[in-house]
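Here the protein sequences come in this chain order: A, B, C, D, E and F.
Taking our numbering, the leading residue of the first sequence gets 1, the next gets one more, and so forth.
Taking our numbering, the leading residue of the second sequence gets 1, the next gets one more, and so forth.
Taking our numbering, the leading residue of the third sequence gets 1, the next gets one more, and so forth.
Taking our numbering, the leading residue of the fourth sequence gets 1, the next gets one more, and so forth.
Taking our numbering, the leading residue of the fifth sequence gets 1, the next gets one more, and so forth.
Taking our numbering, the leading residue of the sixth sequence gets 1, the next gets one more, and so forth.
Simulated from the structure, these hints should not be mistaken for lab results.
Check before you lean on any hint, since a few could be wrong.
[Stated by the list, open to error] Pairs of lysine-lysine residues, derived as DSS-like cross-links and limited to a Cα-Cα distance of at most 25 Å, are as follows:
#: 1; chain 1: E; residue 1: 191; chain 2: B; residue 2: 8
#: 2; chain 1: B; residue 1: 27; chain 2: C; residue 2: 110
#: 3; chain 1: C; residue 1: 113; chain 2: D; residue 2: 10
#: 4; chain 1: A; residue 1: 8; chain 2: F; residue 2: 318
#: 5; chain 1: D; residue 1: 110; chain 2: C; residue 2: 92
#: 6; chain 1: C; residue 1: 272; chain 2: B; residue 2: 15
#: 7; chain 1: F; residue 1: 133; chain 2: E; residue 2: 48
#: 8; chain 1: D; residue 1: 92; chain 2: C; residue 2: 92
#: 9; chain 1: C; residue 1: 114; chain 2: E; residue 2: 133
#: 10; chain 1: E; residue 1: 133; chain 2: E; residue 2: 86
#: 11; chain 1: C; residue 1: 92; chain 2: D; residue 2: 114
#: 12; chain 1: D; residue 1: 39; chain 2: F; residue 2: 133
#: 13; chain 1: F; residue 1: 86; chain 2: D; residue 2: 10
#: 14; chain 1: C; residue 1: 114; chain 2: D; residue 2: 114
#: 15; chain 1: D; residue 1: 274; chain 2: A; residue 2: 15
#: 16; chain 1: E; residue 1: 4; chain 2: E; residue 2: 191
#: 17; chain 1: F; residue 1: 281; chain 2: D; residue 2: 341
#: 18; chain 1: F; residue 1: 86; chain 2: D; residue 2: 341
#: 19; chain 1: F; residue 1: 133; chain 2: C; residue 2: 114
#: 20; chain 1: E; residue 1: 4; chain 2: E; residue 2: 26
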Amino acid sequence: MCLAVPTKIISVDGKYAYVETMGVGQKINVQLIESPMAGDFVLLHAGFAIEKIDQEEYTFLNTILNEMINDDENGTGN
Amino acid sequence: MCLAVPTKIISVDGKYAYVETMGVGQKINVQLIESPMAGDFVLLHAGFAIEKIDQEEYTFLNTILNEMINDDENGTGN
Amino acid sequence: MMKMEQEIKKTVRIMEVCGTHTQAIAKSGIRYLLPNHVKLLSGPGCPVCVTHEGYIDGAIALLAHEDVILATFGDMLKVRGTNFSLSEIKRKDSVFTVYSPEDAVTLARKYPKKTVVFLAVGFETTAPIIGATIKNVFEYGPENLLFLTALKRMEPILRFILMDEESKIDGLICPGHVASVLGGEAFRFVTEEYNLPAVVCGFEAEDMKMGVYSLLDQIDGRCPISFLNLYPRCVRNQGNPLAKEYINEVYQTEDGYWRGIGKVSDSALVLKQKYQSLDARSRFSISEEMTLKPSVCQCREIILGRKAPYECIQFGLSCTPENPLGPCMISSEGACSAHYKYGRVIF
Amino acid sequence: MMKMEQEIKKTVRIMEVCGTHTQAIAKSGIRYLLPNHVKLLSGPGCPVCVTHEGYIDGAIALLAHEDVILATFGDMLKVRGTNFSLSEIKRKDSVFTVYSPEDAVTLARKYPKKTVVFLAVGFETTAPIIGATIKNVFEYGPENLLFLTALKRMEPILRFILMDEESKIDGLICPGHVASVLGGEAFRFVTEEYNLPAVVCGFEAEDMKMGVYSLLDQIDGRCPISFLNLYPRCVRNQGNPLAKEYINEVYQTEDGYWRGIGKVSDSALVLKQKYQSLDARSRFSISEEMTLKPSVCQCREIILGRKAPYECIQFGLSCTPENPLGPCMISSEGACSAHYKYGRVIF
Amino acid sequence: MTNKIKLNHGDGGTKTNELIREIFLKSYGEEGEVCLSDSFVFTTKASKLAYTTDSFVVQPVFFRGGDIGKLAICGTLNDLATAGAKPLYVSAGFIIEEGFDIEALCQIARSMGEVCKRNGVKIVTGDTKVVEKGSADGIFINTSGIGVVSEQYSPCEIEPGDEIIITGTIAEHGTAILLDRYDLAIETNIKSDCCALSHLVSDLEIMLPYIKQMKDPTRGGVATVLNEIAEYAGFNVELLENNIPISPQVKAVNEILGIDPLYLACEGRMLLVVKKGNGSKILQLLEEFCGCREAQMIGCFTADRQKLVYMQTKIGGKRVLPSLESQTVPRIC
Amino acid sequence: MTNKIKLNHGDGGTKTNELIREIFLKSYGEEGEVCLSDSFVFTTKASKLAYTTDSFVVQPVFFRGGDIGKLAICGTLNDLATAGAKPLYVSAGFIIEEGFDIEALCQIARSMGEVCKRNGVKIVTGDTKVVEKGSADGIFINTSGIGVVSEQYSPCEIEPGDEIIITGTIAEHGTAILLDRYDLAIETNIKSDCCALSHLVSDLEIMLPYIKQMKDPTRGGVATVLNEIAEYAGFNVELLENNIPISPQVKAVNEILGIDPLYLACEGRMLLVVKKGNGSKILQLLEEFCGCREAQMIGCFTADRQKLVYMQTKIGGKRVLPSLESQTVPRIC
Ligand code: SF4
Ligand code: SF4
Ligand SMILES: [Mg+2]
Ligand SMILES: [Mg+2]
Ligand SMILES: [Mg+2]
Ligand SMILES: [Mg+2]
Ligand SMILES: [Mg+2]
Ligand SMILES: [Mg+2]
Ligand SMILES: [Mg+2]
Ligand SMILES: [Mg+2]
Ligand SMILES: [Mg+2]
Ligand SMILES: [Mg+2]
């Protein structure tokens, strides 16, 4: 259980926010998030944001992931 | 309104009778008929016998009708 | 009328007032056999065609209740209410076509959680068989079967037509199967009170031929005007007493509303107080709007022989066989329908 | 993966307890990258797969009410009750698949004459979002929306598995998104109380790889056994306090029934007294038979690592992916399902 | 295989293939010979081909004298026959409601296979879709067909005097369906006349040059189909009521229910328009070689151009028969 | 003409003809040219023909990027293309629910006509049935098609090393349908890829001798259809996840809904199995002449005989892709 995808808040309107996930827009419920703000990344599960994503960690990991994938593609993967 | 066909009672069972119309059998309601009997001809309307047919008149007419039709077929018709 | 010269004849108008006669005339092709000056007119004899829009609207309103099933003779399916017919509006398994009122009983037993409403339409031929069914249901159930009546009486509508001063009818073919129930004598008033040639006749082509020629003999003065029962094999003078008893037991009369014609006093049969519990009207709040707005349909004039179909401004425009407004267009053999399909004369 | 003796190793069993981890493992093909002696097991982490037959039977029973509409996540459709699944039993427009609990609110507003029942299943990831919906509905309506809960808690089932003496699990991948809500610390007990290597990890292929290697390091003794949060970008130590508040506000715990496993104390989340009016159980008389008859399914043994799928006598006979009896066959990546489709080893 | 059709029987995956293998291929013919792939490739030396399609939605699916499967093949073979074609290949597309009985599907497929075998035709391409419960009425079948048109058959313009033949008694399919649809407790021996008429093309081969049109009077019955022909021909059709073949039981049921049998479907009869003067020879062939013992010359084209169909009635009257306008249902009026 | 379909539009009489004249003939082509009679007769010099059928039951009937009519023609043209055939004639059988909007039917018929015109194919035979309200889900369409098989195309046995090409990005039709069916308030530019691929047969003509199989990955998507090919070929298929073309938005929607795009239908893509070594040449043709700029070589056949389809994942793992087993619906797990 608990399929969730990272998404970015574009704008907030009360309990709801408009978010974008890889170019796809959606209105989601953000009432579980403390002070959601435009620019925040959140985890989206079944139409609700369930947690904020730590942006520093997120960027850091993305860098690592991309490196690992490039490594794999260069044939050094397992 | 009031499509009705002549049919012949084959057997009676209380409010109902089994009848035959040109070789086709059916169970119909005969509660509107006074003492329906096997062999009686009745007028059948929407699953009910609505009246007994006077057998003498019926036979008489049938004879006439057949004669008239034969006349027509022989070209003496209108 | 009486005696008349044979040259150019005055048009003779013979009316029948039974849908099955209408059909028999059409199917036998008898019109072709008659002299050109003899016109056969269809009066308000199809109880379905003359059923008022408000009744259909009421039946459609019942379908809004999810637990209601309608049971109806097939004839009712395509007749329109103010906007729709049952066949247009029905959901799957919400409207069942039955052959006999007893099929409605079977249906009610098959769907015990539903309320089955039987659309009780007809003249006095059908009234006793529905009456017998109502009495049976009243005594033995099932309790989930109700009746929505639009049963009509033949005598009041005949008097309505015959009383019209401008009526141009020269002879009447009385409805054979209504007479089977009510008796041949029930139609003697046509001749005795209105001095109109009238015959009770059967439904075979030969019956019809015999009836028309017998009327022409009277109209043309070859025989005296008299009321004749030409259908004695099925019509006793006093009719079927048991069937009449059922009518009296179950129904009382009330003013009736006729499509394209309007209100006709005492022309409806409705359930007596004793059987109210089986009346769909008292169980559901059906307001059959008896449309007091003037009907646009000119059938009354057409049936009375005063107007031709093409003189009605609805004809062919808002009124077509596919989308009929009045009884003359609803019945496939009605004057308007026939005129629409074949033009004035074809043979 | 670091240095390790390459000879024949003792089998290492790593369990994950989140359906999305199951999927991620399958989709990433990570098994192929691991040494042969490392087995990835799927624990009872798909809340749908472990939903008890009685719950499905109860939902199906609701469909007997003509005015009930069920709203459900798509996952629930093909899971069987005692005899049928919702997808087999549903009539047209009686069961709607929704993406979010808020869609059930929309549905209820769209069908004001119907009662919409939302099948509230999930672990603590889903519980707060359903809780928020319940609170919203409690405060603002609509009044025709009810909730039939089968919400489950992760901690009790983990303890149930870990307490088993014969448990053969060597490491645990904790459910990342439950941890997002409850906090990473919520799973520290696995290591502290049961001395089992455990990591919280994310769902990307690289997350999974990192998680497995980190556990192997601990299992193989290259690192000390310790509890690690490898998913800090989405998992705070204390989780999401607002989400936890909603859980506490709306639910209380109760014993829960798990398909193929049985009763697990305090493992269910049910509505508090305050929200009873929104509970489908209290509105309808649903008797979820918590089937005390011994379950034929051996999933418990399989999940605990005691048996192989083919050792279950139902396997491939009365239990197939098309007609699954237990969670291991229901989930398309469950041990029984995988074994059925691909045999023991394919690569 | 469970005993009810499920949605995944129609999703193109494992279960669909199972259905094709276990039911369709087994029922349609010599197993393994036919391969129901997406497209069937064939070679032919025939230069003139006929092509047709029809969908079948009959209710009930099983009726006295046949089922929707038999009907679906016969209907398409008969439409090919109207073009003077002997059938070659047939396609079969199923739309099945979730929950439909698999045993019933087998029976339907077997019916299809039987008719095909008897007529030397093969089902070579097919498709199966399953829709949600409540989204269809049990089962619908579409068939299309390809046939080789006889060199002898070259329909030409209809002229006044051309004769009209029907190859057997009318309204039997329509009456059978009415009896079963309304579940009428009427005892009869009536069965649908549903059968393939492909043999007519060979049996009548020597007379084909004198046949100007063939048409199977299905939906709308003899009356409606003759209206179509009259419209196309540009002349009136005159029928003789006395000549129209109808079984007494069919006549009785139609009178009881207030239905006109001229508007009820035949599914195993052909209307032939025959060059003036050739009717009796063809009638003789039909009776002697085709087993059409009830075949009748029922009328002819007249010189009038209103494009009407009318009937000389038994009593010598005339009755116009327009196209079918509304459903045929049991009536009381 | 009223604005809703009634039962009598399907009874074969006056109203049916009105529908054919007013809607189908007008939409399908040059008015009057095509005559939708029961059987269509044609002559052909081609000796090798392809024949196919499919029924279409898509819900909703109108979706982003097309409608059931466009789909019904494209689907059949594409099945003909899989046989290396250029389309000649198409049949169209409608099953319509009483009450269906006539304007919607017009729009559907127009879509059909447009695709036909653009591909030089004619609808030559048809059928219309109307079923009671509640007995069908709006409208179902069956099409069948006949095409002339290119002399250049002669599919032969698949061998290890043979390459697999997809002509464009995957899962666009399936994703469009999901978005519309579940009325998901997700903003995207996604449209169904629904289009006819008949041109591939001509555009790739010089390379047809090196193409061993063509198949359009419709129901069940790329994964299911490759399983069918693997089963038939007798070898394993190895795919490369990195090579599978998918648009970012389609990927995003599928992740949000928990659906695997490899199991979602394409309706305007073709899978080509190409003789080992010819993949890049064909890819070049596809990109340069057919406008298939997203075409990709996505994998090849291996020598293993388990008839499995598996994928080299981005991280170098391997994942088996079985045939579709159950419906694709939005999930949370
Ligand atoms: S045309 Fe229509 S509205 Fe006018 S009289 Fe006739 S039925 Fe009535
Ligand atoms: S084969 Fe079926 S019954 Fe046996 S353990 Fe697996 S899921 Fe349970
Ligand atoms: Mg009468
Ligand atoms: Mg989780
Ligand atoms: Mg196909
Ligand atoms: Mg046909
Ligand atoms: Mg197909
Ligand atoms: Mg035909
Ligand atoms: Mg056809
Ligand atoms: Mg296809
Ligand atoms: Mg295909
Ligand atoms: Mg047809």
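Non-conforming hints, listed in increasing numerical order: Of the numbered hints given earlier, those the structure breaks are 3, 4, 7, 10, 12, 13, 16, 17, 18, listed in rising order.
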